[in-house]
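Peer 1: Sequence:
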Amino acid sequence: MRRAFHALRNGRPGPVIVEIPADVGPMEVPESGLDYQPPKRALQSPASGESPMQLNCY
Numbered sequence: 002m003r004r005a006f007h008a009l010r011n012g013r014p015g016p017v018i019v020e021i022p023a024d025v026g027p028m029e030v031p032e033s034g035l036d037y038q039p040p041k042r043a044l045q046s047p048a049s050g051e052s053p054m055q056l057n058c059y
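Residue numbers (this note's numbering): 2 to 59.
Among the clues, some could well be false.
Claimed, not checked - Ranges between beta-carbon positions, derived for each pair:
#1 S33 <-> R13: 33 to 43 Å
#2 V30 <-> R3: 11 to 21 Å
#3 K41 <-> M2: 18 to 28 Å
#4 P39 <-> A8: 16 to 26 Å
#5 G12 <-> E32: 30 to 40 Å
Hints listed in this document are in silico derivations from the structure and should not be mistaken for laboratory results. Keep in mind the model is a prediction, meaning the values are calculated, not measured. Even glycine gets a Cβ: it sits at the ideal position worked out from N, Cα and C.
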């Protein structure tokens, strides 16, 4: 799925084909798998005064 979405966003315009194996297609998805939330991107505060290099050093 990751490669399909990457091709969809970055490749030439057109359809993207995703093949789902016959034994996976009819499987049921548990309710717990439906509440996915993508991670939020952390933004550097412009008021911090530190460069990104200083923030990433341990």
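Peer 1: Range first: 33 to 43 Å. Now tell me if the beta carbons of S33 and R13 are that far apart.
Peer 2: 37 Å, holds
Peer 1: Go ahead and decide if the range 30 to 40 Å is satisfied by the Cβ distance of G12 to E32.
Peer 2: Hint holds: Cβ distance 34 Å, inside 30 to 40 Å.
Peer 1: Mind checking the hinted window 18 to 28 Å against the Cβ distance between K41 and M2?
Peer 2: The hinted range 18 to 28 Å holds for K41 and M2, with Cβ atoms some 20 Å apart.
Peer 1: Is the gap between the beta carbons of V30 and R3 within 11 to 21 Å?
Peer 2: 18 Å Cβ-Cβ, so the 11 to 21 Å window holds.
Peer 1: Does the Cβ pair P39, A8 satisfy 16 to 26 Å?
Peer 2: 19 Å, holds
In this structure, every one of the numbered hints holds.
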